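**Q** The primary structure of each chain is shown beneath.
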Amino acid sequence: MHIPDGYLGPLTTITLLAVMVPIWWYAAKIAREKMGDRSISLLSMLSAFSFLVMMFNWPVPDGTTAHMVGATLIAILLGPWAAVIGVTIALVIQAFFFGDGGILALGANCLNMAVILPFVGYYTYSGIMKLMKKDTARNRAIAAGIGGYIGINVAALAAAVEFGIQPYISPGYCPYGLDMAIPAMLFAHLLVAGPVEAAVTGFVVGYLKSQEDRYSDILNVEKWVSGGD
Amino acid sequence: MGKRMSKAWIVMTALIIMAPIGILATWNYGDAWGEWGEVQVGDNETWEPQQYGGAPLPDYNVEGWDSPLMASIGYWLSAIIGVSMCIFITLGVGKAVELWRKEESSGNDGEK
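Chains as they are written, first to last, in the numbering used here: chain A, 1 to 229; chain B, 1 to 112.
Same shape as in the complex, but just chain A:
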């Protein structure tokens, strides 16, 4: 889901970078308010975890590959604003040092994987948990798995739209329109990356809850959420 440089025209590139600036600023303000020693050290590990799981490319039957991101897991454990910062850091390192995802495309990639993914995943998870009668490990695992699955697919759809609108607004950039981009991106993420994201997110969240006594410090760490969440 890492859009390389050269695929997005200037209009999309600049708009999405402009959208990200206030989001990063707000995330920093939330960090100033909520950050503690435990949450920042946990976030440093989870940012590295996200970086690592994105290196695991999974084969997609159409001959391409896809990977999970881990952003919903960070959002559930530490709050969605922590996920914005943790995943952004992983994406910046990937873009500058490993050429995975473009440098000018960082606005788009961060919006998809560091904002849309964790927020959709987090609110799907917390919405399902409100519907569940009991706060058990099993229920948390199910809700987290569904959250991860929906989060990564909405993010993939956003990336597909960003790719696919180029032929209409910026000729000379991504040559494929929405009719190609949306089915291809959704195929890879509904079928491959989504189930991986769901399994890992569900497993970790359920496991931590099942070992509640041992992991109470992680489970009770202050979440980076804004006022009303």
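Simulated from the structure, these hints should not be mistaken for laboratory data.
A hint or two may mislead.
Said to hold, decoys possible - A few chain A residues facing chain B, derived, Cβ under 7 Å:
| id | residue |
| --- | --- |
| 1 | Ala-18 |
| 2 | Ile-40 |
| 3 | Phe-51 |
| 4 | Leu-52 |
| 5 | Ala-66 |
| 6 | Ile-93 |
| 7 | Ile-103 |
| 8 | Phe-119 |
| 9 | Met-185 |
Computed from a predicted structure; not experimentally measured.
Ideal placement from N, C-alpha and C gives every residue a C-beta, glycine not left out.
Model the placement of chain B on the given structure of chain A, informed by the hints.
**A** Just chain B now, kept in the frame of chain A:
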């Protein structure tokens, strides 16, 4: 937290050791959709995305390490570098936020 963190390190180390699976499992596959260096657009026509600058370890590998074994070593190297950088930069951001917090509170004291 100390013990919890050491367990997190075990998971992280295991993932680093397994990282080459991430490239070997898709060895004969193409790139992820939309991440190609060159695209066939017509019968004889190709389209290439414009690049801006290069990365030191493109595609998580050392340039020229093309065999599965060397690419795996490149992948390990990249995983170790990437993990270290994520941890240091996140902790650095945390330090910056802490300084910002202190500056803010000392500023407020000044106003009182």
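**Q** Each hint should be assessed against the structure and marked as holding or not.
**A** Here is what the structure says about each hint:
1. Ala-18: violated (18 Å)
2. Ile-40: holds (4 Å)
3. Phe-51: holds (5 Å)
4. Leu-52: holds (5 Å)
5. Ala-66: holds (6 Å)
6. Ile-93: Since the shortest Cβ distance to chain B is 5 Å, the answer is holds.
7. Ile-103: Holds, because the Cβ-Cβ distance from A/Ile-103 to chain B comes to roughly 6 Å (cut-off 7 Å).
8. Phe-119: violated (19 Å)
9. Met-185: holds (6 Å)
Comparing the model with each earlier hint shows violations of hints 1, 8; every other hint is respected.
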